[in-house]
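**Student:** Here are the chains, one letter per residue:
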Amino acid sequence: MSDSPVLQIVDLRKSFGALSASDNVNLEINAGEIHAVIGPNGAGKTTLVAQICGQLRPDAGTIHFNGQDITAVPQEKRPALGLVRSFQITSIFPDFTALENVMMAVQLHSGHSFHFFADAGKEPTLTGPALDFLRVVGLEDAAGNAAYALSHGQQRRLELAMALALQPKMLVLDEPMAGMGTEETNHVIALLSQLKESVTMMLVEHDMDAVFALADRISVLVYGQIIATGSPDEIRNNAKVREAYLGDESLADA
Amino acid sequence: MGSIRTSVLALAALVFALLVPQILSYYGEDYLIGSASRIAIYALAAMSLNLILGYGGMISFGHAAYFGVGAYVVGIASFHLFDGSTIFGFGGTDAALLSWTLAVIVSALVALVLGALSLRTSGVYFIMITLAFAQMLYFLFVSLEQYGGDDGVIMYNGRNTLPGLDLSDDTTFYYVCLAFLVAFTVLVALLIRSRFGKVLQACRQNEDRMRALGCKVEHYKLATFVLAGAAAGLAGALNGNHAEYVSPDYLHWTKSGDLMIMVILGGIGTLFGPIVGAAAFLLLEEFLPVLFDTANLTEYKEHWRIVFGPLLILVVLFARGGLLGTLATIGGRNER
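Chains as they are written, first to last, in my numbering: chain A, 1 to 254; chain B, 1 to 336.
Excised from the complex, chain B in its bound form:
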């Protein structure tokens, strides 16, 4: 499996990630640190989706719901602090520890309810019902006039506060996002080798066999669904902080699609694939329009997806292991 090689590469990538702020400031491109934070945040969300999609074989098309719920918890808490009003008898807060913990708990609970209902179905029905639930939540937040409806909530107090750290500093915030990403990566790495992870992967391969072996398949799937929802909620909370703004767009089905694309682009069912996918997706999103500029096609630059779409199709058609799989093949690593 070349596990030593993988560890060395992962370590090199981590060192690079730790040096990103220094590298950017060396080139005088400090403003790009925000993009780096976004990559870390979306990598966390994509990795949580990969847990159910890649390892569990559950094709959820509504993962943005948990991302958005987590973000809204942070946004609403911040709104009430600024407004001085209360929600369910509680005042608002901008304490990260409280706000982010709440975001994780609430998105986990939402995942518990939606998962328990959705997992009664399978196949195409599962795809459709997860999509439908996510869109229901999207329209719920659109209809909340108090929180800006369509326009969303601006966090006038700025980012949340964390004792000892200044999150309004972009470099500090980047390191916080990176720390969560690394922690979740370690968690997933342990999880997929554990008894629980083996059950999950076995369920993906042959659910009927698992039942015949005496496995209550639904329990394991639901537990994974909740874990993934919680992590996506955390990513959403971080993204709300990053942008200092939360809107229903966070829950829109295109966001679920983006997360899915990141997973598939990077390498579905692999540990690091979602990170590679999130980085590739967001960098292309950022630099393809720039490329249009340099090619004197400025008037077309909002149509950067015209290039992105075919690129994605090429990856799916010709690089079946995603970008990570392709890199591994080019690097001469043996199959499996």
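So that you can see chain A by itself, here it is in the shape it has in the complex:
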């Protein structure tokens, strides 16, 4: 593991009226680590993700990715740099099949979409890699199913396959386990720990079992501020964190 941060956030601020969703956030995510960001509801986690991915512009502060200042880089140019997100609320193409969903990601990653005549559905350079990514998340059997008809857990995994198809250097995962059953959560935990070899990850998650099973480091966000960053053990024993989670037993149990 190298020490140079892949993602470096300095003094990030974002307010919605009087509400400070990001209040001087400083965060460094190192190459090869899974860095979890946890915090109570309304702490500003999704706002932070939206700024990292360019969906929202910060009021102040900078975001560097691999040494490059990306604060002003538009959202759609960030995946090409290797910064890719998944969504908290499942965001797929419902009328496409599972395979077509991933093919779209493969196609956009290839950067060649102004092709007007060849049948995209028959291009092996699209179908081949797309099937591979479906296999990675264990969805190859559902390749031909319409995405809207997949189960919630399958859609979450499809979402992940689409993110992977962009071959990211860093994945920003916004609650990838949201609404999943235990079995599927375990499946995704196993999958993410496998991926750890090749991709740096920022993991925003409520499932504390998953967080403590996966994370190398954890940052705790409360009221728009990072109140602590450290190893899982340090976070578990941090007094400020315990206070913020006030009686939340999941931390102590994990």
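Read the hints as simulated data drawn from the structure, not as lab findings.
Even for Gly, the Cβ is constructed at its ideal location relative to N, Cα and C.
Do not take every clue at face value.
[What the hints assert, rightly or not] Derived DEER-like restraints, expressed as beta-carbon distance ranges:
no., chain 1, residue 1, chain 2, residue 2, range
1, B, V113, A, H112, 25 to 33 Å
2, A, F114, B, D83, 37 to 45 Å
3, A, V10, B, A183, 54 to 62 Å
4, B, G149, A, R57, 47 to 55 Å
5, A, S193, B, R320, 42 to 50 Å
6, A, N26, B, I59, 38 to 46 Å
7, A, A146, B, A183, 27 to 35 Å
8, B, A189, A, Q167, 27 to 35 Å
Chain B: place on chain A using the hints.
**Tutor:** Frame of chain A; chain B shown alone:
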């Protein structure tokens, strides 16, 4: 998907379309060939609208603008030839190759400018701004006194000329219109399966996701908008030729509405829906008044829309895939 069945039906429809002039002359109704040309022309325009409306999910309420601009290019070129005057230093022309190419280019350019501005908005604002631009162009042409203002331009030289073909012959002209419709249908069929078409359909389904995947959504939407504008311009040029007359009515917002109705009536977001819709719309427009006559309601026949309106509402309420979707269901084809 029953794609073989679709191909067979499409082929049968094409054979029928090719035989229309013979069928009409067999029944001694040759004068109806003009209606057939109109159906082909409007099917082309509706199909171009379907590209942005159905496949792209962009609800443009100003598609008649490109139809009208294309028609006016042909009308103005013809006017200057007859008049002997010049426009921008050029004389007029009635050569179809030149005139129609110009119509396509100019309407594509207009679509490029209006699209670039309109696509900055979305939802209701997009509907309103496309409508507003189209109405601006409508009033622009109304104000052009040289070209007849409200009354429009009559093409005194008749239809354009095409080497080897006599366009003033209604049957020949019908086949030319049909050829353009078939060519554009093939183009759209290829397009919607291509990489570009997939991007367009994905943008309709989930634009945010496309951005997060690194797609410059606006580029694809604009390219589609321009393509659709160009095809509508061609349809307009053909319609100007068909009627040998061009007027601001071509650009009026009710014309945009008619095109929209054709798309929805036939089956939005389907390849052949706009053709079915255009045929149904224009045939009803032609024969509903006749029906009033036979029912001894001649004094009401100008109000044929009283029947047409509820019919349209019934289709929208109960036949969600449009007429094409209903036909497919009746034909026992499986869903999807």
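**Student:** Next step is simple, just say for each hint if it's right about the structure.
**Tutor:** Evaluation of the provided hints:
1. Range check, V113 (chain B) to H112 (chain A): Cβ separation about 27 Å, and the 25 to 33 Å hint holds.
2. The supplied range of 37 to 45 Å is met by F114 (chain A) and D83 (chain B), whose beta-carbon atoms lie about 42 Å from each other.
3. Here the CB-CB span from V10 (chain A) to A183 (chain B) is close to 57 Å, well matched to the stated 54 to 62 Å.
4. At about 49 Å, the beta-carbon gap between G149 (chain B) and R57 (chain A) stays in the expected band of 47 to 55 Å.
5. Between S193 (chain A) and R320 (chain B) the beta carbons are some 46 Å apart, a value that agrees with the proposed interval 42 to 50 Å.
6. For N26 (chain A) and I59 (chain B), the hinted distance range of 38 to 46 Å is satisfied, since their beta carbons lie about 44 Å from each other.
7. At about 32 Å, the CB distance of A146 (chain A) to A183 (chain B) agrees with the hint of 27 to 35 Å.
8. Remark: the range hint 27 to 35 Å for A189 (chain B) to Q167 (chain A) is upheld by a beta-carbon distance near 32 Å.
In summary, this structure violates none of the numbered hints.
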